Structure formats: C-alpha cells, structure tokens
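Novice: In this text, residue positions in the sequence shown follow my numbering: the first is 4, and each later residue adds one.
The set of hints was computed from the structure by calculation and includes no laboratory data. Since we're looking at a predicted model, the values are computed, not measured. The beta-carbon is built from N, C-alpha and C at its ideal position, and this holds for glycine as well. Check before you lean on any hint, since a few could be wrong.
As the list claims (entries may be wrong) - Simulated restraints on C-beta separations:
hint: 1; residue 1: Thr91; residue 2: Glu241; range: 18 to 26 Å
hint: 2; residue 1: Cys482; residue 2: Lys377; range: 23 to 31 Å
hint: 3; residue 1: Gln268; residue 2: Met308; range: 16 to 24 Å
hint: 4; residue 1: Glu241; residue 2: Asp380; range: 52 to 60 Å
hint: 5; residue 1: Asp380; residue 2: Pro430; range: 37 to 45 Å
hint: 6; residue 1: Ser240; residue 2: Lys415; range: 55 to 63 Å
hint: 7; residue 1: Asp345; residue 2: Leu385; range: 36 to 44 Å
hint: 8; residue 1: Gln268; residue 2: Arg333; range: 17 to 25 Å
hint: 9; residue 1: Asp426; residue 2: Ser318; range: 50 to 58 Å
hint: 10; residue 1: Glu739; residue 2: Leu502; range: 49 to 57 Å
hint: 11; residue 1: Lys643; residue 2: Thr562; range: 22 to 30 Å
hint: 12; residue 1: Arg174; residue 2: Glu196; range: 21 to 29 Å
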Amino acid sequence: MMSRSLSITGGSEIRASNNLINYQKVLESFGFGTLIVRKDGSIHLASNRVAQELGYEPQLLSSKRIFEINPHLSLIQWRKKWKELVQTRHLEMETEFMNASEMLFPVQLRLSLIEHDGEPFCLVSVKNLLHANRYKKLLRLTTEVSQVGGWEWDLVTDRIMLTEGVYALLRIPNKHMDKEQWTALLEDRLPPEDHKAFDFNIRTAIETGEPCRFDLQVQQPEGHYSKMSVTIVPEKSEFQTIKLYGALQDITELKSGQEGLELTQYTLDHAREMIFWETADGSFLYGNLATREKLGYTNTELKAMKVDKLVHNFSVENRAESWAALREHRVLDWEGELKAKDGTVIPVYCSMNLIRYKDKEINCVFAKDWRRKKARDERLRLSLFTLDEAVDMIFWVDDTGALKFVNQTAYKSLGYEAFELWDELFPRSAELAFQDLWKASGAHQVIYKETEVRKANGQWLPVDVYINFISFEGKDYACAFLRDISARKAKNRELAAALDKVQELSDRLQTENTLLKEEIKVNYNFENIISESKAYKTVLHQVEQVAATEATVLIIGETGTGKELLARSIHALSKRKDEPMIKVNCAALPANLIESELFGHEKGAFTNAYQRKKGRFELADGGTIFLDEVGELPLGLQSKFLRVLQEGEFERVGGTTTLSTDVRVVAATNRNLVDLVNEGAFREDLYYRLNVFPIQNLPLRERREDIPLLVRHFVKKFAGKQGKEIEHISQSDLDELMRYEFPGNIRELENMIERAVIISKGKSLLLADAYHKSSSQAVDKKNHSRVFKSFEEMQRDYIIEALRRCNWRISGPKGAATLLDLNSRTLASKMRKFGINRKDFIDK
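Between the sequences and the hints, there should be enough to build the whole structure, so can you do that?
Specialist: Structure representation (structure tokens):
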C-alpha cells in the first residue's frame with residue numbers, strides 16, 4: 004500500500020544522527036507511529052500518531068513503560084528482547100497494545116537499536132493492523148448472508164469482544180456488551196443442559212488448546228428457540244492459552260431433505276418404546292405404533308383422551324409439580340404406571356422432554372415398558388437377598404484381583420467397612436495369592452482349601468474356601484465361597500480332647516487289663532468254672548499256661564472237684580479247640596471192653612463184633628482225649644496205652660494194621676498214682692509219661708470263698724429248670740455251709756442245692772431242710788481218715804490256723820511268727836509261696 008520505504012537498520016545517516024525527533028519525523032512520513040524506549044523499558048518519546056491511537060497525550064504516554072501498553076510483555080521478556088536486539092540490531096513482531104479505554108488492538112512492531120549521546124535506545128515503529136483489513140466489507144457481507152457472528156475472549160485481560168453478527172443473531176440491542184453482561188445473557192438464554200455444555204467446551208478448549216464445535220439451543224427474546232452452531236479456536240502463547248476466538252452460526256433454517264424427514268417419521272412410528280406428545284392442557288397430539296399396540300387405543304382414541312385417563316393413580320397436584328419441574332429443567336424422568344384399554348396396568352419408565360413447536364409447549368414422552376424389567380429386578384432383588392443372607396461369605400474377583408461383589412455375610416463376619424483386593428484377605432496363604440489363583444482359572448477347576456482369613460480387628464477366622472471360575476458377559480471371574488468353620492474347629496478340639504481322654508483311659512484300661520486278665524479268665528473263660536478264690540486262680544493260671552502247648556496233662560484231685568471242667572478248659576484254650584474232645588471214663592468201662600473202646604476193633608475180633616468199630620483214640624485224631632480216672636486203667640492195657648502216648652501208633656483189637664493218631668492226652672485221677680506204682684498196680688513209665696504237667700485241683704474246703712458264688716449259680720440253674728423264682732438265701736445258711744467240710748466237694752454242694760430248690764415253695768431257699776449235716780459229717784469222718792495231705796498242704800493249713808489264732812498278726816510277741824517259732828520274714832515268704840492272703844480268710 005505504501006509507495007515509500009525506509010531501511011532504518013541500513014541507513015547510516017539515520018543511525019549517526021543525534022536528534023531523536025528526526026527519527027520520528029522520518030518514520031511518520033511513511034505512515035508509522037513511533038516510540039523511543041530506553042533499556043529499562045520506559046518510554047522516552049512517543050509520536051502524536053501513537054499517542055492518538057492509544058488515547059493518551061504524548062507527554063503522558065512518555066511517562067509510561069512499554070509493559071503498560073503491551074499486556075503480553077513482561078520485564079523479563081523485555082530484557083530478553085533487548086538482548087536479542089543488541090545482537091541482531093533489528094526485530095519484527097506482532098502483538099497487541101492496550102489503549103486508555105483498556106481495549107486491545109493488534110499492532111505490528113519493528114524494533115531498531117540507535118544511540119544518542121552515547122546511550123542506547125530502541126526505536127519502535129508501530130503499525131495498527133486493525134485498520135489494515137482490506138477485506139472488512141467483504142467479511143461483513145459474508146457474515147450477514149451466512150448468519151455468522153464472531154467473538155473474541157482475551158484471557159489475559161478477561162475482556163470479550165463481539166462482532167455485529169453476534170448482536171444480530173441474538174437480537175441484542177446493546178452493541179457494547181462487556182463480559183459480565185455476556186455471561187448473564189448466556190445464563191438467561193440457554194437451557195440448563197446447553198449452558199453446562201457451553202461451559203464444558205470453553206474449559207476444555209482453554210485446557211487443551213484444541214478447537215471444538217458443538218450445537219445448542221438459544222432462546223430468542225420472542226420466546227422461541229434457535230438452533231446455533233458454535234466453533235471455538237484457542238490461541239496459545241509459549242506457555243498457555245491466551246485467547247479464544249469463536250464463531251456463532253444460526254442453523255435453525257437448515258433443513259434436511261424430504262427423505263430424511265420421512266425416515267425420521269418412520270423411526271418415530273416404529274420405535275420399540277412408546278412415544279407420545281402431550282400438551283400443557285393434558286391432551287395428546289401424537290402416539291406411535293408401540294403406544295397404540297401396548298395400550299390398545301387407536302390413534303383417534305388416543306388424541307381424544309386426556310392424560311388423567313391414561314396415567315394410573317393420576318394426581319392433579321403431581322402433574323402440576325411435574326410440569327413446573329419440566330419447564331424449569333427442560334427434561335425430566337418419571338417412573339409410573341399407565342392404564343391400557345383392557346384395564347391392564349403397565350409399569351413404565353418415562354423420559355420427558357419439553358420442546359417448543361410453533362409457540363406451543365409440547366412434552367415429548369419416551370415411555371419404556373418395564374414389565375420385564377420389574378420381573379427381572381424382582382428376581383435380582385431376591386437373588387441379591389439370597390446372596391446377602393447366605394450362610395457362606397461370597398466374593399466375586401475379577402482378573403485384576405479386585406473384589407467386585409461381597410455379600411453382607413462377609414461384612415458381618417469379618418467386620419470390614421469396605422473390601423478392595425483379594426490378596427489382603429489371605430496374607431498367610433500363598434496358595435490363594437491372586438496370581439497363582441488366576442493361573443488355575445485356565446483349567447476351570449474348582450479349588451478347595453482350609454485356611455484362615457484376616458478379620459478387620461486383626462484376628463484370624465478359620466474358613467473352608469471353595470473357588471469356582473466363571474465367565475460372565477465375556478469376562479472371567481472367580482467366585483469364592485468362604486464358610487466359617489470356627490465352630491467345627493472348636494468341636495474338633497473338643498473331640499480331640501475327648502479322644503485323648505479316651506486314649507488315656509484306654510491305655511489305663513489296657514494296663515488294668517493285664518492285671519484283671521487272670522480274674523476275667525477265672526470268672527468267664529474256663530467253661531463254667533466259677534471262682535473268686537485267690538488260691539484257685541493259681542490252678543487256673545496253670546491251665547492257661549499249659550493249654551497253648553501239646554504237653555500231656557495230669558489233673559489230680561478229689562472226687563467232685565471239677566477235674567473234667569479243667570480238662571475242657573485246657574482243650575478250649577488250645578490250638579485244638581476246633582477239633583473234638585473225646586472223654587473216656589476208665590472206671591466205668593468193663594475190663595474186657597476198655598481196650599476195644601480205646602483202640603477200636605475189627606469185624607469178628609470177638610464174639611458179637613459184627614462190624615468194624617473205631618476206638619476213642621482214632622475218633623480223637625487231631626483233637627484231645629480226656630482219660631478220667633486213669634488210675635483204674637487195667638495193668639495189661641497200660642503198655643498199649645503207653646505206646647500211643649510215645650509213638651502215636653496202635654492197632655485195633657483183632658487187627659494187624661498199625662494206625663497213627665495225633666491226639667493231646669489229658670488224664671485225671673482221684674487216686675495217688677505213686678502209691679499205685681509202689682503197689683505194682685500202675686506202670687511207673689506210664690506214670691512219668693502222664694505226669695509231664697501235673698495240676699493239683701483244690702477241694703472245695705480249700706476255696707471256701709467260692710461257696711456263696713456256687714450256691715447262687717446252682718440256685719439260678721435249678722430254679723430256672725423248675726420254673727421257680729428264688730431271690731433270698733439266708734446268711735445263716737450260707738455261714739453254715741462255709742463251715743462245712745464238703746467231702747463230696749462241688750458235686751455234693753450241687754446236689755444239696757438241687758434238693759433245696761425242689762423243697763422250697765416261696766422265694767426263699769429252704770437250705771436247712773436239705774442240709775443233712777449229721778449224716779454228711781459221718782461220711783466226712785469216715786472218709787477223712789483216708790485223705791492224706793501233702794507236707795505243703797499241711798504247712799499251709801498250719802500257718803492259716805496260727806494266723807487265725809493270732810488275729811492275723813504276723814510279727815511281735817503275739818504274732819504268728821512267734822507262735823510258729825519262725826522269723827517274721829520267713830513266715831511272710833511262706834505266706835506268699837502258699838498264696839495266703841488275709842482278705843481271703845478274714846470274716847469268713
């Protein structure tokens with residue numbers, strides 16, 4: 004535009020001049036305003052042109068600093084510019100000056116370094132760019148035709164400038180709005196949601212420095228709304244956004260083609276949700292197909308209805324409040340019920356939007372049928388209630404280890420206010436660490452572990468953990484069930500303690516069992532042998548010792564002492580218990596038949612031997628043979644018997660074949676075999692062969708403590724056979740029996756009790772009538788002379804009698820040891836040897 008030019012940096016005649024005013028005059032002749040600025044930023048001289056554009060007097064402007072008319076320049080920045088100017092001697096830049104009215108306008112500056120009186124100055128030529136826009140008229144015409152307005156917001160000065168197009172689009176009569184008036188206008192004209200969107204986009208543009216575009220509704224002074232398109236373009240400095248440029252365009256009259264309108268109409272009509280338009284007076288302008296189908300009304304019927312006929316439990320007050328809120332907020336959500344034509348009540352969720360169409364308020368309602376949702380919500384509520392009230396603690400964990408769901412049982416049991424991460428629950432269980440846990444999810448296996456979970460108070464709760472891996476809506480989860488097992492643990496501890504106690508008692512019983520074993524066997528394991536006598540336990544102990552062996556046993560004892568019972572006990576406790584025990588009463592068999600009974604005979608061996616017969620030894624093969632009264636065995640037969648004992652071989656009578664047998668021999672006798680050997684009536688070698696393990700069976704008079712037991716046993720036995728109930732036995736009768744010698748031993752006692760049971764009529768045993776003492780004593784005296792006791796038996800009886808006379812005192816002047824002329828230790832040793840115990844005899 005200019006025909007003249009001036010190169011300040013290249014003109015030596017100008018740089019050499021000492022008159023600063025001449026610089027200004029030269030530059031102003033080219034259409035530039037000028038400023039001469041010192042190194043510290045103060046203005047030394049200002050031309051009239053610059054002063055006029057800034058609205059200051061030249062003298063007043065000369066008192067200011069460059070920072071006061073250029074808000075974008077600071078002291079630090081000026082120093083940087085000065086340093087750069089010293090190096091280059093010439094700079095150009097575009098910036099803004101602020102006039103006296105605090106309005107900004109763009110300028111182009113050219114800076115040159117000059118000297119005056121040895122002091123450096125900056126000569127600034129100023130070109131006002133605001134008046135240099137040759138497209139100004141064209142821009143105004145374009146703005147009017149396209150209905151576009153522009154605005155500028157200077158963030159440094161917080162001032163806003165609007166173009167005439169903005170005032171025209173918004174029908175603003177005031178052509179000089181400041182920022183406060185502009186802000187108030189937007190709050191008044193924009194709906195709340197649009198106003199929030201406008202603020203949001205402004206803040207976003209400032210923060211990001213990126214341009215944006217959006218649409219909004221603007222209410223015009225006449226009351227209708229115009230659709231506006233807003234464009235925002237930020238301007239950034241070196242550090243931040245310093246200015247926003249904006250454009251506002253009215254797009255209300257822009258229309259899509261007829262096809263778009265028809266598509267919109269079709270979309271509304273065939274939408275799945277119910278859509279209807281309600282006016283402020285409660286009538287309906289439109290209802291789509293879904294509305295008519297779900298409610299059962301025709302379009303004509305719907306338009307003829309009022310809202311009170313359609314809304315279930317309609318309330319005038321509620322509708323007035325809803326419309327007031329709708330007018331205030333423009334949008335409103337409402338959950339309620341609609342009445343169908345057939346009376347069905349349909350739950351709906353409505354989104355209501357207030358629109359203005361041809362100066363008429365219309366409530367555009369989008370109603371969603373919530374029947375399925377209500378049913379689903381009910382199921383969800385029941386499911387959630389079930390989960391929350393479950394006995395187990397339930398946790399859902401996602402693939403990051405975060406807890407997505409925790410039921411109320413877990414909150415109550417563990418005491419936490421909030422749960423975050425799975426690993427925080429199991430710091431002691433490395434197997435349940437999230438990383439290891441999730442590795443197992445690939446196999447979709449179920450994990451079980453008994454562990455402890457940490458409670459909020461720091462205590463530990465024992466739990467069973469079951470973990471299932473589940474895919475839900477395309478995402479993998481771990482569903483964990485934790486069951487409190489503290490009660491079970493407590494019961495287990497109680498059970499363990501009880502088991503320990505049982506084990507302790509068992510050990511104690513085991514120990515006691517060893518001590519009681521003998522007594523138990525005495526009372527129950529010896530084939531109806533009834534005894535509690537300490538002396539008789541010695542006999543039973545011998546039976547137990549020899550039973551497990553194959554040794555020949557000789558039982559010696561008086562008649563009626565139960566020798567056969569001892570023999571049967573030996574067999575029952577032996578390895579041969581499952582084989583037969585054959586009994587032979589040697590005294591009851593005729594001498595001419597005893598050989599045939601023992602060894603058998605062949606057919607025709609003697610008169611009347613019509614067929615072969617097996618002998619007792621042959622029948623007892625593998626088992627036991629009991630030879631009772633073996634002392635009565637004929638002398639001629641004893642050699643053959645000896646051969647069986649030694650070799651296990653024999654021949655039947657009349658036979659020549661040698662037979663073998665495997666038998667265990669138990670013999671019994673009430674005679675003194677030694678005397679028989681001396682008399683020549685019994686083979687000595689056979690005696691020694693039988694006397695391998697002799698057992699001396701005790702007569703009843705030496706085990707008197709067993710008499711009450713035997714009496715009760717026989718009473719029960721014979722009373723049961725005779726159908727009687729005998730409950731009482733006189734103590735005096737028992738005492739009398741305890742004093743009786745019983746030469747017939749147990750057999751005599753058994754017969755005596757059987758007689759007593761027979762003659763007893765009541766529940767008391769009449770023992771006195773069955774007890775014939777005189778005759779029995781006579782028999783006893785008669786037979787007693789024939790009983791010869793051994794030396795040890797005589798010693799035992801003598802010691803017992805001495806103890807009784809001394810009242811069971813052993814030592815001392817009045818003790819039994821003194822009476823017997825024995826050392827007290829010797830007497831005690833003999834008492835242990837003979838099994839003499841005070842408690843076995845006291846009060847008997």
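Novice: So, for every hint listed, does it hold in this structure?
Specialist: Now the hints, each set against the structure:
1. Between Thr91 and Glu241 the Cβ separation comes to about 19 Å, which falls inside the hinted range of 18 to 26 Å.
2. With their beta carbons about 27 Å apart, Cys482 and Lys377 fall inside the hinted range of 23 to 31 Å.
3. A hinted range of 16 to 24 Å for the beta carbons of Gln268 and Met308 is consistent with their spacing of about 22 Å.
4. Remark: the range hint 52 to 60 Å for Glu241 to Asp380 is upheld by a beta-carbon distance near 57 Å.
5. Between Asp380 and Pro430, the C-beta spacing of about 39 Å keeps the proposed range 37 to 45 Å intact.
6. In this structure, Ser240 and Lys415 meet the distance hint of 55 to 63 Å, their C-beta atoms being roughly 59 Å apart.
7. The beta-carbon spacing between Asp345 and Leu385, approximately 29 Å, falls outside the hinted interval of 36 to 44 Å.
8. In this structure the supplied range 17 to 25 Å holds for Gln268 paired with Arg333, their Cβ-Cβ distance being about 24 Å.
9. At about 54 Å, the beta-carbon gap between Asp426 and Ser318 stays in the expected band of 50 to 58 Å.
10. Checking the proposed 49 to 57 Å range against Glu739 and Leu502 shows it holds: the Cβ atoms sit about 53 Å from each other.
11. Here the CB-CB span from Lys643 to Thr562 is close to 27 Å, well matched to the stated 22 to 30 Å.
12. A hinted range of 21 to 29 Å holds for the C-beta pair Arg174 and Glu196, which are about 22 Å apart.
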